[in-house]
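Dock chain H against chain S, hints included.
The chain contents come next:
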Amino acid sequence: MSKELIRLVANTMAFDGETVLDSIDLSINDKEFLTLLGPSGCGKTTTLRIIGGFLTPTSGDVFFDGERINDLPPHKRKVNTVFQRYALFPHLDVYENVAFGLRIAKVPEKEIDDRVTEMLEIVSLKGFENREITQLSGGQQQRVAIARALVNRPKVLLLDEPLGALDLRLRKDMQQELKKIQQTLGITFIYVTHDQEEALAMSDTVVVMNRGRIQQIGTPEDIYNEPKNAFVADFIGESNILDGIMLEDRLVKFFGRKFVCVDTGFEKDEPVDVVIRPEDVDIVPEKDGQLTGKVTSVTFKGVHYDTIVDFHGFKWLIQTTDYYPVDSIIGIRLNPDDIHIMKKSEYSGLYGDYSSYSEEYEELNDPDLFPEDISEEPQELSQSAEGEEAGKDEN
Amino acid sequence: MKTFNRVFTILVLIFLYVPMLVLVVASFNNGTDPAVFKSFTLKNYRSLFSDSVLLPLLINSVIIAVLSAIISTVLGTMAALGIHSMGPKLRSATMAVTNIPLTNPEIVTGVSLALLFAFIGTTLKINNILGFFTLLIAHVTFNLPYVILSVMPKLYQMDPDLREAALDLGCTPIQAFFKVVIHEIMPGIISGAMMAFTMSLDDFVISYFVYGATFVTLPVEIYNYTKKPLQPKIYALFTLMFIIILLMMVAMNILQARDLRLSKERKMALNADRRKAV
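Going down the list, the sequences are from chains S and H. Read left to right, the first sequence gives residues 22 to 416 (this note's numbering). Read left to right, the second sequence gives residues 7 to 284 (this note's numbering).
Here chain S stands alone, though its shape is the one from the complex:
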């Protein structure tokens, strides 16, 4: 593993008494592609601006290559930024925009020319040297912004939602291109986004943030497969999150039934959150199912169907390539691998219930939109569902 380049120690940021960052500790390695992921207002851009030198943390230290840089102004830092709205200089053409940093550094004219030409080639903008910024499309402006930052050969490139304003196809292309550029040039990328797919596709390390705190740090696989709490499980992909009791290592009870799982290290009879990914659920005939439920809604999503299944009041999202009509009774089977157990957290009960499912379930399940409604409902529902299920088993 390459050496550590940047370290944030207990960084807290408050604006007018409102805490935006709450004691963040973060270590970033050389040549790493690290993504700060979270919903708007989670503190990810603030973290980026602290590293860029545009904000000084209210408390805590920032280290770069072992040196404390809290008070080092941005123009003396070996980092460059790609801004969200590009921030290209409108009074300069493409060439001069890219050459800007080199001219400030008084690089010889010949070298400027070589480096700008080379950089424009890397971002596929050869021949656009004399274009005005206003004549460029959003995607082209984006490339100029990246070239303008990278031409200075920074140790670290900071990217603040750089693909946010591009259309889907262009965004996918640019994701691949950015990743390629990062690997070829061997530069540390710190990337801010609220798009979880983007984060999973590009990063070596993902830092999930919410409400000014880091929720989880890990590889994309870790974050997806082993989410630490209900917020992460819900924010990264879709999740059904149920209340459960950990009876012993590798044995969990929910919906009144015992399930074998692979998780260990919990107290005996500890209440836990159980995560079941919608794509991991196997649908089987009713008689073979560990649980049976009724289909309440089906949405065609292209690759799969989003099927909402009612298990006695608690609704699950199941993604399946087979079509099960509304009102059909189905059974499901869960393999030990399909069940992931999390410790209870402040987010327990806020996420992972699809009772209020609609086409826009992602928005509807966002507790920041309906903080009161959601926080009470799912807990009640899951309890009643558990009770009913238990009662039925006894019969």
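For the record, the hints were derived by calculation from the structure and aren't laboratory data.
Part of the chain H face toward chain S, derived, beta carbon under 7 Å:
hint: 1; residue: 168
hint: 2; residue: 170
hint: 3; residue: 171
hint: 4; residue: 173
hint: 5; residue: 174
hint: 6; residue: 176
hint: 7; residue: 178
hint: 8; residue: 186
hint: 9; residue: 189
hint: 10; residue: 271
Ideal placement from N, C-alpha and C gives every residue a C-beta, glycine not left out.
This is chain H only, laid out in the frame that chain S set:
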């Protein structure tokens, strides 16, 4: 209603411009009575340009106008930058203080400046303190708020990331201003400077209280002329001043329109991409 609007507009324009028109016509009149147009002549202009008193005074006025415009533009731009970077509370308080001189009656400003200069003169034991410098200081003083008011909106419109991008690419804060920010707010600086120039060129009230015998500007001297019957060459002078100010105003409007169009184009380009993204 539409016709009423039109008629009303035309009436307003007539009332606004007829006096100027009468003046222009009088400046070309070959008679002494402004009420009777005898024949067309340029002799008033000829005698104006050979006048040994009025012409130097015009030059005085232009010197004061140019210098006070330059000084107030530099100071006003610096002030606007400072105010812009303040917190919201302090900023609105400062803006209120800045705006008071705009609404303050000119005569009050004039008298208070005269008192201030008299006080300084007595304290420092300078006889005849009134003159070029008091006039210049007074003009800079009343020009400042106009510059600040025309630069501020440009600072608000500017993408704040632009300055940060310049810092990010290695500029010191001062370099960032001269290499990036100034280009963005230039239209505001130019219109502020032009406004200051015109305000200074035709100021009479404040100048009247702070001028000294050593340095007189044209509007002040003209006021002294009006105590006697007006000479026709004064009409020619007024016509020229009117045309200069008119041209400045037209130039300012063209600049502002161009600036508006440019920023609209930029916004539209950005929005087009946003729409595609949705």
